[in-house]
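Going line by line, the protein sequences match chains A and B.
Position 287, counted from 1, in the first sequence is what this note's numbering calls 287; the numbers after and before it change by one each time, with no gaps.
Heads up: take any position in the second sequence, counting from 1, add 1000, and you land on this note's numbering.
Please note: incorrect hints may appear among the correct ones.
[Unchecked claim] Every beta carbon over 12 Å from chain A, so not counted as near; a handful from chain B, in silico:
1. I1002
2. A1022
3. Q1046
4. F1073
5. M1085
6. H1109
7. V1118
[Claimed, not checked] To spell it out: a stretch of chain B is covered by chain A in this simulated footprint if at least three of its residues, at any positions, have a beta carbon under 8 Å from a beta carbon of chain A; those stretches are:
8. 1005 to 1013
9. 1119 to 1125
10. 1128 to 1139
Please keep in mind that the hints were generated in silico from the structure rather than gathered at the bench.
For each residue, glycine too, the CB sits at the ideal point set by N, CA and C.
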Amino acid sequence: MEDTSKNLCKIDDNIYEVPLGYQPGMRVPGRVFVSAALRDMVEPGTVDQVANVATLPGIVKYSMAMPDAHLGYGFPIGGVAAFREEGGIISPGGVGFDINCGVRLLRSDLRAEAVQPRINTLIDALFQAIPSGLGATGRLHATDKQLTEAFVSGARWAVEEGYGFESDLTHCEESGGMAGADPDQVSLKARKRGRPQLGTLGSGNHFLEIQKVEEIYDPAVAQQFGLFQGQITVMIHCGSRGAGHQICTDHLDVLSRAVRKYNIDIPDKQLACAPLGSPEARHYFGGMVCAANYAWANRHIIAHWTREVFEKYFPGSRLDLVYDVAHNVAKIEEHNVDGKRERLYVHRKGATRAFGPSRDEVPAAYRSVGQPVIIPGSMGTSSYVLCGSDAALDLTFGSACHGAGRVMSRSQALKQFTGKNVKAALDKQGIVVKATSPGMLAEEAPQVYKPSGDVVDVVHNLGIATRVARLVPLGVSKG
Amino acid sequence: MIAFEYLEHTADVMFRAYGETAEEMLSNAASALFKAMVDPTTIVAQERWTVELEGDDLEDLAYKWLSEMIFLFETESAVFSTFSMRLVEDSRIKLYAEIGGERIDLSRHAFENEVKAVTRHKFGIKKNQIWCIQVVLDV
Chain A
1 MEDTSKNLCK IDDNIYEVPL GYQPGMRVPG RVFVSAALRD MVEPGTVDQV ANVATLPGIV
61 KYSMAMPDAH LGYGFPIGGV AAFREEGGII SPGGVGFDIN CGVRLLRSDL RAEAVQPRIN
121 TLIDALFQAI PSGLGATGRL HATDKQLTEA FVSGARWAVE EGYGFESDLT HCEESGGMAG
181 ADPDQVSLKA RKRGRPQLGT LGSGNHFLEI QKVEEIYDPA VAQQFGLFQG QITVMIHCGS
241 RGAGHQICTD HLDVLSRAVR KYNIDIPDKQ LACAPLGSPE ARHYFGGMVC AANYAWANRH
301 IIAHWTREVF EKYFPGSRLD LVYDVAHNVA KIEEHNVDGK RERLYVHRKG ATRAFGPSRD
361 EVPAAYRSVG QPVIIPGSMG TSSYVLCGSD AALDLTFGSA CHGAGRVMSR SQALKQFTGK
421 NVKAALDKQG IVVKATSPGM LAEEAPQVYK PSGDVVDVVH NLGIATRVAR LVPLGVSKG
Chain B
1001 MIAFEYLEHT ADVMFRAYGE TAEEMLSNAA SALFKAMVDP TTIVAQERWT VELEGDDLED
1061 LAYKWLSEMI FLFETESAVF STFSMRLVED SRIKLYAEIG GERIDLSRHA FENEVKAVTR
1121 HKFGIKKNQI WCIQVVLDV
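Work the whole structure out from these sequences, hints included.
Structural data, given as structure tokens:
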């Protein structure tokens, strides 16, 4: 093993270890999956956060960080950790406030040549059709009863209401709705924030993008995913909006007390948690599932309105769901641990599930190859579709990165860029951007992120997920 | 004494807010939260809202106070620029505040960020000569 300046020990190409003893109380070592070049971009604070997670009770194997890892709160962004049902914990610090922030990819039967000349009109129409930005309220006007149904059944509720198709559900993680929702764990405040926002995109790094399939790396798998070169795709990135943020805030309060009640030592207050099996843990999980399901319903409804816009401008065209992945969530999954099958609570915060063909969770349509892993790029840069692999199960509990990962703080970004010059630079590249708050474009400038290709290379080279296609943006609608 | 200052954080917004009194510190923290989103000079305090909260201790109350600001920002579609309050301490600690602001008008309020939540990461209050609160916001 070779010591590095950052106390990261090289184990293998693209695998670095945070050794036991890096911080007091670590129960397992940390593993950071980065290339030598990306390693230098990992801030010391991120390594500390990996080590913090390693101190939590019941953690299995390693506290992990994906190649897009950067400083977060509680877990680092890109953090993955699994906890034993017996003696383990669940923590909102491993999920985040934007529960089930995730990405949905739709494939059209249109070629870029047909769409590109009308890209301005199309982005304008999508911007009108899909409420986004601060203070946006949905076109939906959901009743309280409908809101409860969205919490319990997710995208299935939306299909029953006439949005989208049954086939969307069979092409979505958890079929668009996780089991275990407990709407009693959603406060009135969370309902008040969530009700008007159902069917809204939000702001910040959330977006709806029209893309073109620029490059195919694996023609056989691409065909299985329904992707071809020159094809138009639509990517939707958003989450559970105010509902999820409030559910997390409310339960963090309860879990902060639980830490004292159960005598759990935590190195960061955001890692507040409760022992699995305790009422506090059950309640958080039930509330978290409600937010996750809300997010799937939200992306599903946004996809429906996207289809309506496409139908208007390209009558008879199709927009089928490739897949929809969550990248901020805790899941109950079975994994092999020391030769035994165990039920674990796998936390992925800014990390995507990347299951291979052996897993029952992979939709029937993709069982022969593995699940699509969707990695959005930063604004103006390429996004990638990868294919999950069984190799990931041993290495990362079947997890991959979730995006490019920030390298520059928002305040630095605001010093260096203005929304206006970011937009002008994208215009120059032929990418149309429409945003409710142009000021927010500055802090999402492509330069504030790591190059998404470098992050994807690590995932591919480790065999966690393999490259299938690269998508480039043509038009973006942002909050 | 400066009212508040922002510290470097890669993904989120981190700040420290100060005050001669706990009330002043909490008021400055709320100003820092809104300034992270929108230029406060564009906010006219033309409407008033009242806020009443209670907590186990000052830190618990401070977390609830800032979270309440986000709740009101979202559910009232409003931004705030004046915060006056009174703290009453017995077995628990209570806060009575009147806040001034106005409904969001995107033609005048140019947002640079949207604060999603107040995190508990590195959250803490210290009192030496003056009061100081440190906060990381999820944006």
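Each hint, compared with the structure:
1. The beta carbon of I1002/B is kept farther than 12 Å from every beta carbon of chain A, the shortest such distance being approximately 16 Å.
2. No beta-carbon of chain A is positioned within 12 Å of the beta-carbon of A1022/B; the least distance is around 19 Å.
3. Listed as a non-interface residue, Q1046/B keeps its Cβ farther than 12 Å from every Cβ of chain A; the least gap is roughly 17 Å.
4. A Cβ of chain A approaches the Cβ of F1073/B within 12 Å, the least distance being about 9 Å, so the stated non-interface status is violated.
5. Even its closest Cβ contact with chain A, about 20 Å, leaves M1085/B beyond 12 Å, as expected for a residue assigned away from the interface.
6. Distance check for H1109/B against chain A: the nearest CB is about 8 Å away, which does not clear 12 Å, and the non-interface claim fails.
7. Listed as outside the interface, V1118/B is inconsistent with that label: its C-beta sits roughly 7 Å from the nearest C-beta of chain A, within the 12 Å cut-off.
8. For a cut-off of 8 Å, the count of residues in the stretch 1005 to 1013 of chain B with a CB near a CB of chain A stands at 7, and the three-residue condition holds.
9. Coverage of the stretch 1119 to 1125 of chain B by chain A holds [criterion: at least 3 residues with CB-CB distance below 8 Å; count 5].
10. Closer than 8 Å: that is the beta-carbon criterion, and the stretch 1128 to 1139 of chain B has 3 residues meeting it against chain A, so the requirement of 3 holds.
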